[in-house]
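Enquirer: The chain contents come next:
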Amino acid sequence: MSKRTWQELPKGAVSYKSSMDYKTGDWGVEAPKIDHSKCTKCTLCHFFCPEGAILMREDGYTEPDLDYCKGCGICAKECPVKCIEMVRK
Amino acid sequence: MHRDGEKIMAKQKLMGLNGDEAVAYATKQVNPDVVAAYPITPQTIIVERFSEYVANGEVDTEFVAVESEHSAMSTSVGASAAGARAFTATAANGLALMWEIVYIASSLRLPIVMALANRALSGPINIHNDHSDGMGARDSGWIQIYCENAQEVYDTSIAAWRMAEHLKVQLPIMVCLDGFTLSHTMENVMTLDDETVHKFVGERPFIKVEGHLGEGEFRLNPEMPLTMGPLDLQDFYFEHKIHQVEAMEEALKYITDIDKEWAEVSGRKYDYVEPYMMEDAEVALIGMGSMVGTIRYVVDELREEGIKAGMIKLRLFRPFPSEAIKKAVGKVPVLGVMEKCLSFGAPASPLMEELMTTYYHDKEKPMMKNYVVGLGGRDVSPDMIKQAYKDMLKIKKTGKVDKLLTTIGVRGE
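Residue numbers (the numbering used here), protein chains in the order written: chain A, 1 to 89; chain B, 1 to 413.
Hints are supplied without guarantee of correctness; some may be wrong.
Here are the computed lysine-lysine pairs in the DSS-like style, where the Cα-Cα straight-line distance is at most 27 Å [said to hold, decoys possible]: (1) B/K208 / A/K3; (2) B/K253 / B/K331; (3) B/K253 / B/K365; (4) A/K11 / B/K208; (5) A/K11 / B/K253; (6) A/K3 / B/K168; (7) A/K23 / B/K241; (8) B/K241 / A/K11; (9) A/K41 / A/K77; (10) B/K241 / A/K17; (11) A/K3 / B/K241; (12) A/K11 / B/K168; (13) B/K168 / B/K269; (14) B/K168 / A/K17; (15) B/K326 / B/K365; (16) B/K208 / B/K253.
These are computed hints drawn from the structure, not numbers from a lab.
Can you build the whole structure from these sequences, using the hints too?
Expert: Below you can see the structure in the form of structure tokens.
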């Protein structure tokens with residue numbers, strides 16, 4: 001996401017976009033990669049994610065939302081079947 | 001001419017006011033929406049007088065009797081963000097207690113007006129005048145004006161609103177008056193009538209900003225929500241600091257316009273830098289606040305003795321008017337920098353450092369020496385000022401500055 005120059009930003013440090021549009025996923029160094037062939041759909045990763053960045057899909061599998069994932073690795077640590085691997089971006 | 005283009009030289013009334021009363025009376029005439037303040041010597045009279053105006057129904061102001069200066073500045077920030085004209089006053093340790101919010105007020109671009117009755121910072125505890133409080137806040141992003149007398153305090157307390165609220169500026173402003181020397185000393189003050197002051201300050205104008213719902217006025221409004229003061233990290237904070245640098249540059253351009261407008265209404269003209277007897281001066285002092293009156297008096301005495309002395313009153317410290325200072329200093333061979341502040345462990349005191357930086361790249365510049373006086377309210381007498389001039393004459397004769405900084409009036413120096 002290209003960000004505005006100081007000349008283009010509104011004065012007083014006002015937010016010119018909703019926080020939903022402020023993508024924070026680029027903060028992280030690593031991102032989770034989920035191997036759905038080993039996944040048991042237990043959804044523990046979804047509940048443990050401190051950022052709400054592991055989304056639930058209709059088919060029961062989970063999927064990382066890389067727009068907001070900070071790459072902390074808690075999902076990989078907690079996964080009981082070790083189907084989540086942290087991959088360097 | 002004033003703001004509406006109507007030509008007036010207002011009728012004026014002579015009043016006996018001390019500096020604090022001059023602030024309170026001027027602020028009464030401005031009739032701001034919110035005043036939030038906590039009493040602290042030597043500023044207390046401002047809040048006392050103003051609370052009387054509120055109790056007597058002479059103003060429409062919402063007066064918030066806060067429990068600390070931290071809350072006083074927080075209240076002012078909230079009120080100003082909501083679109084109100086917010087005023088507060090403090091001194092020394094009060095300013096120290098509101099510190100974090102002082103920076104927030106300027107970075108959120110809220111045009112708050114604050115009277116600062118300059119007082120020595122504790123400890124040991126001291127309630128008298130020096131500039132350690134104001135100088136400490138020199139990097140806080142506030143405009144700072146140092147007043148010479150109660151008349152200037154009155155005039156500046158009105159003009160300050162227009163300077164702060166100028167659409168190109170939008171910065172908070174400190175109106176600095178020396179504790180006791182100005183704050184508690186009664187002087188003749190020419191005052192304008194309420195209506196003229198109302199017309200001069202008008203209504204607070206607002207800049208337009210782009211919020212997350214589109215463009216709107218820069219104020220908190222439920223109809224057009226804005227987010228002020230959000231988390232601002234590595235990716236945006238730096239840019240927002242550049243906004244503040246730009247605002248100060250703009251302030252340097254536009255404050256003079258307000259001074260001119262005020263001169264048209266009141267007949268009293270102020271400049272960023274006010275030189276006296278500088279045309280042919282061989283030695284000159286530059287200073288701020290009430291002591292410049294004494295320096296001017298000493299210059300007259302020295303001139304009678306045939307010494308080519310001059311002086312410069314510096315009124316605007318932030319933004320720092322480097323070019324105006326250079327113009328005022330001209331070709332004077334020796335410039336003494338007299339200030340009521342010490343920066344422990346620094347090569348010199350704040351004003352000296354600013355001036356050295358201003359001149360560093362110039363081929364032609366005066367020899368400069370820093371004279372620190374009057375800490376903790378110690379009297380700055382004509383004799384002490386003469387001592388500085390004598391020292392400068394020696395520098396002129398020898399062509400050498402023996403040391404960068406010296407104190408005057410300390411036992412054992």
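Enquirer: For each hint, tell me whether it holds in the structure or not.
Expert: Tested hints:
1. Taking the CA atoms of B/K208 and A/K3, the gap is near 21 Å; set against the 27 Å cutoff, the hint holds.
2. Pair hint B/K253 plus B/K331 holds up; C-alpha atoms about 25 Å apart against a cutoff of 27 Å.
3. Taken as a hint, the B/K253 and B/K365 pair is honoured in the structure, with Cα atoms around 24 Å apart against an allowance of 27 Å.
4. The hinted pair formed by A/K11 and B/K208 meets the criterion: a straight-line CA distance of about 9 Å does not exceed 27 Å.
5. Only pairs whose Cα atoms come within 27 Å are accepted, and A/K11 paired with B/K253 is accepted, the gap being roughly 18 Å.
6. Taking the CA atoms of A/K3 and B/K168, the gap is about 24 Å. The hint holds against a cut of 27 Å.
7. About 22 Å separates the Cα atoms of A/K23 and B/K241, which keeps this hinted pair within 27 Å; it holds.
8. For the proposed pair B/K241 and A/K11, the alpha carbon gap of about 10 Å is at most 27 Å, so the pair holds.
9. For the hint linking A/K41 to A/K77, the alpha-carbon distance of about 16 Å falls within 27 Å, and the restraint holds.
10. Note on B/K241 and A/K17: the hinted pairing holds, with a Cα-Cα distance of about 19 Å set against a maximum of 27 Å.
11. About 16 Å separates the Cα atoms of A/K3 and B/K241, which keeps this hinted pair within 27 Å; it holds.
12. With a CA separation close to 11 Å, the supplied pair A/K11 and B/K168 stays within the 27 Å bound.
13. Straight-line distance between C-alpha atoms of B/K168 and B/K269 comes to about 22 Å, which keeps the hinted pair within the 27 Å bound.
14. Between B/K168 and A/K17, the direct Cα distance comes to roughly 24 Å. Compliance with the 27 Å bound is thereby established for this hinted pair.
15. This hinted pair checks out: B/K326 and B/K365 have alpha carbons roughly 9 Å apart, not beyond 27 Å.
16. Proposed proximity of B/K208 and B/K253 is supported: the alpha carbons are some 21 Å apart, at most 27 Å.
In terms of the numbered hints stated before, the structure departs from none.
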